[in-house]
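Line order of the protein sequences matches chains G and D.
Its first residue numbered 1, the first sequence is counted upward by one per residue in full-length UniProt numbering.
Its first residue numbered 1, the second sequence is counted upward by one per residue in full-length UniProt numbering.
Hints in this document: simulated from the structure, not taken from any laboratory.
It cannot be assumed that every hint is accurate.
[Claimed, not checked] Just so you have them, the derived chain G footprint on chain D, three or more residues with Cβ under 8 Å:
#	segment
1	33-47
2	177-191
3	346-358
[As the list claims (entries may be wrong)] Example chain G residues on the side facing chain D (calculated, C-beta under 8 Å, incomplete):
#	residue
4	Met42
5	Gly332
6	Leu335
7	Gly342
[As the list claims (entries may be wrong)] Derived Cβ-Cβ restraints for the label pairs, each shown as a range:
#	chain 1	residue 1	chain 2	residue 2	range
8	D	Thr346	G	Asn570	56 to 64 Å
9	G	Val576	D	Thr339	54 to 62 Å
10	D	Glu173	G	Phe550	41 to 49 Å
Heads up, the beta-carbon is just placed ideally off N, CA and C, and yes, glycines get one too.
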Amino acid sequence: MAVLLSALDQILSLTHLIYLVGGVLVGLVVGIIPGLGGIAGMSLLLPFLYGMEPSVGLGMLMGLVAVIPTGDTFTSVLMGIPGSSSSQATVMDGFPLAKKGQAARALSAAFLCSMVGGVVGAIVLSVFILVARPVVLAFSSAELFMLTLLGLSVVAALSGGNLFKGLAACGFGLLIGSVGSAPATGEFRFTLGIDYLYDGIPLVVVGLGIFALPEIISLLVQNKAIASTPNKLGHGLMQGFKDVFANLPLVGKSSVFGSLIGAIPGLGGSVVDWMTYSFAMNGSKDTSQFGKGDIRGVIAPESANNACASGSMIPTLLFGIPGSGSAAVFLGGMLLLGLQPGVSMITTNLDLTYTIIWSLALANILGAIFCISFTRPISLLTYVKFSILAPIILTLILFAAYQATRSLGDFMVLGAIATVGVMMKGANWPRPAFLIGFVLSSGAENYFFQSIQFYGSSWFLRPGVIALAALIVLGFVLPPMLKKRRLAKASTQPKTGLEPEEPSVKTVSATDWVLLAVLGGAGLYALVDVWNMSTLTKAFPIISIAIVLFSVAMLIVKYIREQHQRVASNLTTDLVYIVGFFMIAYGYYTLGFVTTTFVFSFLFLRYLAKATYLKSSTIAICLVIFLVVLGRIMNIEYPEGYFDPYFFDVVNRLF
Amino acid sequence: MKKILNLVCASALSISCVLALPAQAKEADVPSTINWTVPFGVGGGTDVWARFIAPYLTKYIPTNPTVVIRNQPGGGSITGANLFYKRAKDDGSTMLATSASTLFPYMLGDKRVRYNFDKWVPLMASPTGGVVYVQPGLGVKSAADIDKLDGMTLPFGSQGPTRLELPVLIAFEMLGLDVKPVFGMKSRGAGRLAFERGEAKIDFQTTSAYLNSVVDLVNNDKAIPLFSLGVLNKEGKIVRDPAFPDLPTFQEVYAQKFGKQPSGMEYTAYSKFFAAGFAFQKMIFIPSDTPTDVVSAYRSSVENMLKDPKFIEDSAVQVGPYQSIVGIDAAQHIQEALTVSPELYTWISGWLKKKFDYTL
Chain G
1 MAVLLSALDQ ILSLTHLIYL VGGVLVGLVV GIIPGLGGIA GMSLLLPFLY GMEPSVGLGM
61 LMGLVAVIPT GDTFTSVLMG IPGSSSSQAT VMDGFPLAKK GQAARALSAA FLCSMVGGVV
121 GAIVLSVFIL VARPVVLAFS SAELFMLTLL GLSVVAALSG GNLFKGLAAC GFGLLIGSVG
181 SAPATGEFRF TLGIDYLYDG IPLVVVGLGI FALPEIISLL VQNKAIASTP NKLGHGLMQG
241 FKDVFANLPL VGKSSVFGSL IGAIPGLGGS VVDWMTYSFA MNGSKDTSQF GKGDIRGVIA
301 PESANNACAS GSMIPTLLFG IPGSGSAAVF LGGMLLLGLQ PGVSMITTNL DLTYTIIWSL
361 ALANILGAIF CISFTRPISL LTYVKFSILA PIILTLILFA AYQATRSLGD FMVLGAIATV
421 GVMMKGANWP RPAFLIGFVL SSGAENYFFQ SIQFYGSSWF LRPGVIALAA LIVLGFVLPP
481 MLKKRRLAKA STQPKTGLEP EEPSVKTVSA TDWVLLAVLG GAGLYALVDV WNMSTLTKAF
541 PIISIAIVLF SVAMLIVKYI REQHQRVASN LTTDLVYIVG FFMIAYGYYT LGFVTTTFVF
601 SFLFLRYLAK ATYLKSSTIA ICLVIFLVVL GRIMNIEYPE GYFDPYFFDV VNRLF
Chain D
1 MKKILNLVCA SALSISCVLA LPAQAKEADV PSTINWTVPF GVGGGTDVWA RFIAPYLTKY
61 IPTNPTVVIR NQPGGGSITG ANLFYKRAKD DGSTMLATSA STLFPYMLGD KRVRYNFDKW
121 VPLMASPTGG VVYVQPGLGV KSAADIDKLD GMTLPFGSQG PTRLELPVLI AFEMLGLDVK
181 PVFGMKSRGA GRLAFERGEA KIDFQTTSAY LNSVVDLVNN DKAIPLFSLG VLNKEGKIVR
241 DPAFPDLPTF QEVYAQKFGK QPSGMEYTAY SKFFAAGFAF QKMIFIPSDT PTDVVSAYRS
301 SVENMLKDPK FIEDSAVQVG PYQSIVGIDA AQHIQEALTV SPELYTWISG WLKKKFDYTL
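The shape of chain D in the complex, shown without the other chains (with noise of 0.2 Å):
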């Protein structure tokens, strides 16, 4: 009798094992909070980005979890990166925030950087645009007048060789302008500020500052735009940006320049940042030990959320009318952009170092 009855009891057992695993494996054991590193102060770009983003993921995962941003500055965003690497939790509780600058110094072999990619996953990767223009005064309406700039000195602007602008100083030297950048601006609206002074003579903004602050001068005709660096479509090429579908972009402007398409190493570099810096300007991170169920909970919620009417309509504003990528097409592009070869980090050291004294 009591044989039977340990019986009953381990076939009982083992047939709610059963039941429950399945209803175990749809519902992901997502944690209660999520502490979200923003490497970056409070009140940058990537943080008001992150404090947007917030509270849709806390609505479209599951189980509604508190997400919690901690912010981490210093280093241009090295330090909070470093420091997730290190101590992240893979149970789905830590994700990171990044940007161009979290890029492109691993990408530059930045002796800080102690991260590696291949440890995290990303969820999502937010693009972004910008747009070239430069004063009224120098004789050109549009970018179909690019010519009349030739040997005409621009003053630009710049945080740095090595920042965002890299691409941006890269196409200039593609274009044949003599852009002279002046480094030290404490960030790209002081660039802008030096513009309206008239001490700069050219000048880029990305999506957001250019909608905000750059269309007002357009439209007082202070500020000539010229052309746009257009975004990436799902086929990897380069399209007009549908923020700006009446200016052309970097490529068409080189096309009609020198009738030929742009190629060489110096294209492949303007490529490589251009995607590190703009394509996926704003990523997500979780690290890649988290328990794959909790993973695609998270992409499947992520991919819920983009489609969320009124996330669009405020993504539109705080970004752009840009497309976010998700999923794992995203986490194979991000790797391929992320990747310098040996010939092409030779050659964008030797640039640096020829062209502004830079030293890597």
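Just chain G, with the same shape it has in the complex (with noise of 0.2 Å):
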């Protein structure tokens, strides 16, 4: 008790505070802007780290990391580009908020969500560290991956009303998800002799071309501002408060989920706001408006990844294992410092460890009420018409994407599965059940083999692993099944002015065809590619095609036999802005990013926005202003291309 106060007492310090400051600032920078993560946040503070007071360090590196999940809420709710793997749930409920003018109260009650997330999490952490030692050490690989199965149990939910639909998509992301090394064997597989697919498809150009490009592309064809429908709720700060405070139990419960599954090394950060957007989903009675713009939606994953980010520290002081992407840049930041993680920051290092503690309470209020603040001015821009903002969102979209990689693969897979994101959203099938099934791939399959390998078959009967086969059946497969009963049975009562769960007429469009067309040409064309690979190296795809083909037959047979209604499909359409995506982005890559970005949007916005000289212009030059002293405060490259080389050699003798 004394150390933790002696530890409050020294972040209290003016030298503690203003480095903790700054790492906020620096934090929700990297947060806000897509793409940029802790990494660029610790390129940024490193130069001030070598030879820091370690205490005084660790408070700068909390900071930065704890408000990541706070800042990146913004883009998420606003535009629709997931900031950062943690909150692309966010994304579900959060975006149509923003389209019903609703962003200010969206934005509000995540930031709140945040705030009281990061705190439980600091709480829970403070007390389960010093215990949590035989807890981590008890989840074994069994256990590992009876989680994996919790996580892609959520399909069920998500898959709404057509059950085969969420399997396909979630079979498609697990077989997505192996591309790349065989955990179990180390050999290659569905790599096509491409360099770039050897390390696997990153998290991050999957999330936005599965979600920001379509909603992109959809937005354009109708060229509205965001935001199309007026605000009633005035500008819904004080509503996005009265939301959190009516739904405490679903915010405790996500926050306490969150911060312990943080705590579990090997999940990782990017399922647990899943998980919690389908407990806020099996908990509500009324489920219609989920995906709709249900406020629930945006508070429990915003409760969870900032508890989850909390959580991540304790493998990663306990055991130097980071359980999630800022959680190793945190490690990598303490070894720099000079210090080691393990079982002295329980012992001897307990005030350093109470330290990072309190530092991490503290930046998530500051940062919350950093963002807070920030919120009216900003969610002003979801009323500006959409073609003004397209370039500006379609820039970042590429950014973002070329951070993962640095290569023009980055922009070719972020257009593929953009083009199968689109044809989902067309067709309405549920995109959270791909990216869930491609998040956990790996871990699927790497847990299950190695726990068949250290255990034999008896690892189902370990205690933890019936006690989450319980759970997964009882918490996250019946409800959803109970209730689509419940609900079978009141429809056949006559309803009284409440909205169908689902539309009573069955349809099926030309995408629909279209995407099981994809879906069982890439499942056979992978069952060819992998057959004559080693036992351990093809076992886990054939799972995952058997699954995709499975379902495609299912659906195949659905639509033949039972009466569906024919809608027309703007497939069509769709196809031509992803062409355009495709042309687009080899020109940022060929001809240099930050020239191809004035170009292109100073022509986009002349003669497709109709804007006027003075405003296309004005709007390119501050994209690249932005985009030149980003580079240079970040160390970021971009493409270089043909002509950035002349460009940036003027900017250098000018400045």
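The two chains are supplied separately, each in an independent frame; assemble them into the complex guided by the hints.
Right, here's the structure in full:
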């Protein structure tokens, strides 16, 4: 207790506070700009870090790491771009809320939840870290495999009305996630001889392709402001706070769950938002608004992701095994400060651990306050005509994707995933199911083989495994099924003004058929490709392929047998936009990123958005300045192409 | 008169040139900024090592250049090394950090490798060591009891058959241990976690990880150290690791168990990959077309840096109490260690296929 208080005393000193606030500000900036994350923030703080007093340095780093899941909410809600992997679920309902003109409500609720989640996470951390060692060690590969299954079972809730669409999407995600080296043997699969695919496809690129680009394309087709319906709720800040207080149990549940999942190394934060999202769905009587702008769909993941960032400090500090990407950055910083993680963090260095925890809580509070104070002005962006924002958002997306591996492959794979995303959006397939499959793919495969190799066939008799299996059935698989039955019963009775759960008429469009052909074709191709490999290399892909092909077959049978109403598809329009995207992305790469940003934005704004010369050139110039300054400060490189070297030559001479 | 003036001017010019020459040779034309490509992500082992060294380079290179670290992760360092091979400038303004995962794919003929060590010269090589340890419940108290492990199946958490563990896996085979590697560990740290959970019965860590995380386990009777991999001394002989003077080396344990020195193709393979993975684990390379005076200026700076007592002290904490290698000898040693003869390649690819069903 004395250590706890003396650590508090220490972080309240002026030096400590200044560096902490510095860390928080950097964390917010790299959180807000999509594609940047802890790593970019680190490179900014590193020059200060070397030779710094450890407790001050840790405070600064903690400020950085803690607020990244707070800042990334801005683009998730306002533009539908998942700022980082921890806020992908926020897009699901946050962006529809912004479309309804309630961006400020969604943001303020999200920030308040982030704050509560972060503080709860810090409290859990301060108690749990003292006893966590045996608990973390109790999670062997077998339990970790069950946890990935727990994540996958969320698909049941997220598939809405059509389980086979969900399964097909999830299976396809598992298959895409298995591109690259097979964990059990180290052999490479589905690389098509392309270097880029050897490492597997980066999550950032998949997230941007499946969510952000399809949204942009559909907004461009409509060409209105993002907030298409006028806001009836004033500026909505207070409404957001009220929403949080009305859903306190959900906030609490999601925060505690988030910090515990974060504490277990190996699963990572990228799935906890989806798990709590399905909590929110299972716990609500009326789920019809989920995916269309239900505030609970924002509250749950946002409470969880900050808590998860706190929880992931446990394996980082105790075992030197980072629980998430930003925890890995934090670990690197610790090593640079000359601190080694391990048991010493709760014995001789306990004071430092408590400094970290206090900094964590304080950073979360400060970060949320900063964000809330910016919410009103920034959410006005959603009232701007979309075609004005389009080049800015497209540049941001390309920028974010390029940060993944800095190669042309990032753009090309982004386009390919976006093609699938556009079709899934058009035909109403559950895109989160695809993403969850992708995220959990490598974990599921890896932990399955590891547990079999370590424990033989007796692994499923372990008590932890049985407990988790029960949790999966009772917590995730049964609730949506029971709800469906209840609804089926209810729908036989006359309706009383309630909207039906799903459209009563079953529909099918050309997009559905194309998508079935794409998935089926990909499945068959993958099967041929992997057939002659060693057993451990091909076993998991074959399971994913089986899921895809089975669901595709079931869907085809259903479409043929049952009466479906044919609806028009705007696939052709969408595909034209996708082709346009490929061309633009290629231009950004070969002509030079910064130069193309200027030329493309200017031409787009002037001739397609019909903005004035002054407005078009101002926006284009501002974008270029933004990129150049960012590149200078954070050591970021852009594709040079033909023209950028000349441009930078001039810039370097002038400044 | 005009002629005389011309003559005077000309001679003055030539004299000043002659005078200027030695001065230039002394002060090599070192660029003001050095871009150091680290083909790994921020916070990884090689990155932390590079960031630890960078300020010392700035201090010891005569013109105190700014050293900017450029992380280019991907392909387990292949991407960054390929890019460096293609784009590096040869005026001394670029250098590359490498690790075992840059050398092994090159030696094993990985299709993605497009770099070649012929075009680079090493500035410095930092060695590391490693220790093999087992669970306490196996009835083994030290390497002297290694015979008791015969017939026991020992699960071992490993990253993959061609990763840093490769020489260790060969060593296990040579000692006749029935080690069952479980691949897919995300890092050596994850392997250690599997050991702490009791899933793995045998494990291996490099020096710094061992000192930081395993010594505690040993003191609490949760792990029994068996042997170290030893270090290469100046004569190219394996001797006991200065960080673990009480632990026998792999070679000692082999001799004790079989009554002879290790030899044969297996041992050649072990020695090659031990050298690349441990003796030369972290290296700094510059393009070999870099002007000789710049190269020698860098080399002497590195030599001075290695004599700095603060550097020695800090480096003992960061990587262990090892002597880094520098100079022309290093270049020769490294070139030798990286050359894999066709026979050795055949042996190693056959062994990987037979043992782990892994196709090179």
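Now the hints, each set against the structure:
1. Residue count for the segment 33-47 of chain D with a Cβ under 8 Å from a Cβ of chain G: 5. That meets the three needed, and the coverage hint holds.
2. By the rule of at least three residues with a Cβ nearer than 8 Å to a Cβ of chain G, the coverage given for the segment 177-191 of chain D holds, with 8 such residues.
3. For the segment 346-358 of chain D, the stated coverage by chain G is satisfied: 3 residues place a CB nearer than 8 Å to a CB of that chain, which reaches the threshold of 3.
4. Checking Met42 of chain G against chain D: minimum C-beta separation of about 5 Å stays under 8 Å; hint holds.
5. Contact between Gly332 of chain G and chain D, as hinted, is supported at the beta carbon level, the nearest pair being about 2 Å apart and thus within 8 Å.
6. Residue-level restraint check for Leu335 of chain G holds (minimum Cβ-Cβ distance to chain D is 5 Å; threshold 8 Å).
7. Satisfaction of the interface hint for Gly342 of chain G is found here, the shortest Cβ-Cβ separation to chain D being roughly 5 Å, below the 8 Å cut-off.
8. Under the hint 56 to 64 Å, the C-beta atoms of Thr346 of chain D and Asn570 of chain G, about 59 Å apart, fit the expected range.
9. Checked against the hint of 54 to 62 Å, the pair Val576 of chain G and Thr339 of chain D passes, with Cβ atoms roughly 55 Å apart.
10. One distance hint, 41 to 49 Å for the beta-carbon pair Glu173 of chain D and Phe550 of chain G, holds here, with the actual separation near 42 Å.
The structure meets every hint from the earlier list without exception.
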